[in-house]
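Knowing the structure of chain A, use the given hints to seat chain B with the ligands on it.
Residue-level listing of the chains:
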Amino acid sequence: MESNGHVLMATTGLPGSHTLAVYRKHGGYEALAIALSKTPDEIIDTVKRSGLRGRGGAGFPTGTKWGFVPKSNDKPKYLCVNADESEPGAFKDRLLLAKDPHQVIEGTLIGAFAIGARRAYIYIRGEFAHEASIVQAAIDEARAAGLVGKNILKSGFECEVVIYLGAGAYICGEETALIESIEGQRGEPRLKPPFPAVVGLFGCPTVVNNVETLACVPHIMKRGWEWFAGIGPERNTGPKLYGLSGHVNRPGVYEAPMGISLRTLIDEYGGGVPGGRPVKGVIPGGASCPVLRGDEIDISMDFDSLTRAGSLFGTGTPVVMDDTTCMVRAAWITARFFAHESCGQCTPCREGCGWMQRILWKIETGRGEERDLDILLSVTDQIEGNTICALGDAAAWPTRGFAKKFRDEFLQHIREKRCPLGGGSLH
Amino acid sequence: MAVVKLQVDGREVVVEKGTNLIEAGKKVGVFVPSFCYHPGLPVVGVCRICLCEIEGRPKLVAGCATPVEEGMKVITQSANVREARKAVMEFLLIHHPLDCPMCDKGGECTLQDYTMMMGPAHTRFTFEKQTWPEEDVGGKLILNKNRCILCLRCVNLCKTVAGQDEIAVLSRGEETYIGTVAGRKIENEMAGNIADICPVGALTSKDFRFRSRPWELKPVGSVCTLCSKGCNTKVWYHPRRNEVVRITARENMDVNQWWICDRGRGAFWGIHDPNRLLQPTRRQGDATAPTTWGQAIPAIAESLRAIVERHGPSAVGVVASGELTNEECYLARSIFRDGLGLANVDVVERPQPPVVYPKFTIEGDRNPNTRGARAIGLAPGPRGLGVADMIRAAAEGSIHALVFLRGGPLEQFGDPQAVARALGRLELLVVMDPMPSPVSGRAHWVLPGVSFAEREGTYTNSQGRVQRAPRVFTLRGDTREDWRILQDLGRSLGVWMHVDAGPQQIFQRLAAANPAFAGLDYTVLGDLGAPLAAASADVAVG
Ligand SMILES: Cc1cc2nc3c(=O)[nH]c(=O)nc-3n(C[C@H](O)[C@H](O)[C@H](O)COP(=O)(O)O)c2cc1C
Ligand code: SF4
Ligand code: FES
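Listed in order, the protein sequences are those of chains A and B. Take 1 as the starting number for the first sequence in my numbering and just add one per residue. Take 1001 as the starting number for the second sequence in my numbering and just add one per residue.
Okay, chain A solo, but in the shape it has when bound:
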């Protein structure tokens, strides 16, 4: 399976990679058979030991999350696959859905078996209608082959896999908003606790996992936790998909181990910056992650290293910006996104995001004053930690990151009353 040294993308380049035949030819669904021969507790323990951390952004240990689901059977349990991938910069799950849906389905079935779920929902963002049709075809194929539905692989295990299409809201990627959405409600995050593992979909214990997280699971089953834990730095293990975009010669999704250097990713995988221009800044893991300066990119791409550096690993999808990029404008675009996507239920996020966006636009268009920068930073403080869900934080962090890391550039906008990089108009 590892012909090109890849795990998650081992077959994604092959013709027909999305079909059951190609998937099976390369060992597909063998992991499911292995899993079904074990007890759920054994599987959870294996995943725990592998060190797998959620690829949806928060990096929560997957085995631990599964372990939170009550063992009692008085209520049905659900597994939700989070395929809402909507953060600017992130596009790695999309590749798996389009090119290797069976890998995701197999991981989903193993996860469902481990937590005792007989029904799994794949929540796909509405814009991925094409990918959704591919996944649906894969589910149909799998059902026809006895891999989905009743008595899977004649083991007695039963699991339905159902696609639920979102309607175009980033917030529905937040796990409790995703649950509300599947229930047919407005996509608004819930108050926590209770956490979904206890009270989730339809009031029942529920696990929400990212697409890539689940895609890792079959490999752990087949090759053992030791193999997985041996890849990448301590506590940040396994193979990883990196979605590289922005000012690089070869943007795209690349597979590399956790802990690869950001510079290597940009220079070797992405082929460097066009025209050999210098890197001015990198948003390392999706729009919610604070920007790094060009001189900070000799950093290990993993959860802990980026947190230590004052940023976040997020979904591991760097956006590279060269020296022609206006950082105020980048900040404004980011803030505008979050303001647009805020669900609007809680005060600090609803009001604060719009305010940040206005201030940033004011500065970018040369109308800013120095005190606007102070107000901007204090607004980020006033949002952070005071909201229902992490979208508020996700909006505050990058704004603060841009304003602090590129303070001089902000001040230059204010002093010169214009965008020094020639931006400042709507287009």
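The hints are simulated quantities; they were obtained by calculation from the structure and are not laboratory data. Be a bit skeptical, because a hint or two may be false.
Stated by the list, open to error - BS3-like cross-link-like pairs, simulated, lysine-lysine; straight-line CA separation at most 27 Å:
| # | chain 1 | residue 1 | chain 2 | residue 2 |
| --- | --- | --- | --- | --- |
| 1 | B | Lys-1005 | A | Lys-192 |
| 2 | B | Lys-1129 | B | Lys-1206 |
| 3 | A | Lys-150 | A | Lys-25 |
| 4 | A | Lys-150 | A | Lys-222 |
| 5 | B | Lys-1140 | A | Lys-192 |
| 6 | A | Lys-417 | A | Lys-404 |
| 7 | A | Lys-405 | B | Lys-1059 |
| 8 | A | Lys-417 | B | Lys-1129 |
| 9 | A | Lys-362 | B | Lys-1086 |
| 10 | B | Lys-1073 | A | Lys-192 |
| 11 | B | Lys-1017 | A | Lys-71 |
| 12 | B | Lys-1026 | A | Lys-192 |
| 13 | B | Lys-1206 | A | Lys-362 |
| 14 | A | Lys-25 | A | Lys-75 |
| 15 | B | Lys-1059 | A | Lys-192 |
| 16 | B | Lys-1159 | B | Lys-1206 |
| 17 | A | Lys-192 | B | Lys-1086 |
| 18 | A | Lys-222 | A | Lys-99 |
Frame of chain A, contents of chain B with the ligands only:
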């Protein structure tokens, strides 16, 4: 009941498991601000003004959404908490129009109060504010979205109490707004409560808008008299104008929780109905003329006596009503049944279908005190006639005099034409009522009683709970409280010789005489009422 012990700002407090931090704080006098939290609605935790610190936890928590835990140490006064609250206040005000001087909520607005208490004095928001036009959303409510803080109380009230989704949250982000869906209007009869619980001036009552400032008013705890539920209310009296300008809900967990229906909320219009009867009148032939109490009462007493003497007590009937207070019922019973020995005494009942909402029922009996009237024995005595038979007897000529203690439409007694003919045959028709009606229009004597707000009294609701409604004010005019009219008549008839100062004393007599009311007095009733003696199955004495 499991209890939990914790500390709030260093003060020890023991509360029921599941209590939230706001309620726990209340118990020891620690104030935690709140906009969206309402004890009668689901916890949504959206406004974030209630953020509190818990020792050992890195993040602030929403006090409304956090249940107490054993040994928890809650801090509501740290720098972090103050900063967070200030932040929320600032955020809520950035698009707010700050139009307190022309906003109806002024004086009873949580946002205004909190701004004075902890809000920023200046705004740092220099951008154009979002604005929205005002809108009639039905339910006698006007929506001003500029002032809305999206606490969702209105949406959740309609959803959970009334079971309706006429009003909803729409759009998202800072464009989020509250609105009716697809051109609908709010139609449920609980909607008026929204004006009570909207913490700002976003949804205000059409009936109250621009009529006065709350600080000009005197709120008086009262009881609604529009159905047998007996919701607790506040009657808001404007002393300068001598006018009741609104009625709002008053919490009583045993009766109406926090809510009242829109009929009860609108009851003050009836008090000031321009058609109110304001003077006793006497009809002779086709001529109706004003008279005085001093002429009317002795004259009525004399006529009644004369008819009883000539035709016997069965020639007289009394048609009472569940609108009378317990005291008035007791007087009526004492005077007419016990005193004059009449057996033809009854109460009109006109049940309608109840209006049932998920968390509130408007009772089918649209009178406040039918149960009290029955418990007191306002019912036919031995061989006595009920209401319908009395009318029939009047038509046949065997009843010569009828006393109506409240009138009303003729249909409630049968075929209106037949009833009119029957009433027309009477030698004596007396009606006591604050409002004119087809019955009083045919009366020889009309005695203008007063509305619930102008007289003191108690009512027994359908659950058998006795509740007090004090006198709020007196309307100009020559009206008289119903209990006074009855007492005066009783004295003139020589059958009620007590000179009681007021309903409180009459209630004492009732409680002493009637086992159902045994043990009750004003102290026991307090502000929230008390049930009839448990053992009593409301057996009428008599
Ligand atoms: C605003 C917001 C948007 C999110 N969007 C996504 C998403 O599109 N995909 C995803 O997997 N996780 C997303 N998450 C994270 C999920 O809440 C959740 O942590 C994740 O799905 C858990 O899966 P994992 O443990 O496998 O990473 C989002 C979180 C927030 C706060
Ligand atoms: S932080 Fe934003 S997105 Fe999250 S619940 Fe609050 S308003 Fe909604
Ligand atoms: S009162 Fe707690 S969030 Fe509104």
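How the hints compare with the structure:
| no. | hint | verdict |
| --- | --- | --- |
| 1 | B:Lys-1005 <-> A:Lys-192 | holds, 22 Å |
| 2 | B:Lys-1129 <-> B:Lys-1206 | holds, 26 Å |
| 3 | A:Lys-150 <-> A:Lys-25 | holds, 24 Å |
| 4 | A:Lys-150 <-> A:Lys-222 | holds, 23 Å |
| 5 | B:Lys-1140 <-> A:Lys-192 | violated, 37 Å |
| 6 | A:Lys-417 <-> A:Lys-404 | holds, 19 Å |
| 7 | A:Lys-405 <-> B:Lys-1059 | holds, 25 Å |
| 8 | A:Lys-417 <-> B:Lys-1129 | holds, 24 Å |
| 9 | A:Lys-362 <-> B:Lys-1086 | holds, 24 Å |
| 10 | B:Lys-1073 <-> A:Lys-192 | holds, 19 Å |
| 11 | B:Lys-1017 <-> A:Lys-71 | holds, 25 Å |
| 12 | B:Lys-1026 <-> A:Lys-192 | holds, 23 Å |
| 13 | B:Lys-1206 <-> A:Lys-362 | violated, 41 Å |
| 14 | A:Lys-25 <-> A:Lys-75 | violated, 38 Å |
| 15 | B:Lys-1059 <-> A:Lys-192 | holds, 13 Å |
| 16 | B:Lys-1159 <-> B:Lys-1206 | holds, 22 Å |
| 17 | A:Lys-192 <-> B:Lys-1086 | holds, 23 Å |
| 18 | A:Lys-222 <-> A:Lys-99 | holds, 21 Å |
When each numbered hint is compared with the structure, violations occur for hints 5, 13 and 14.
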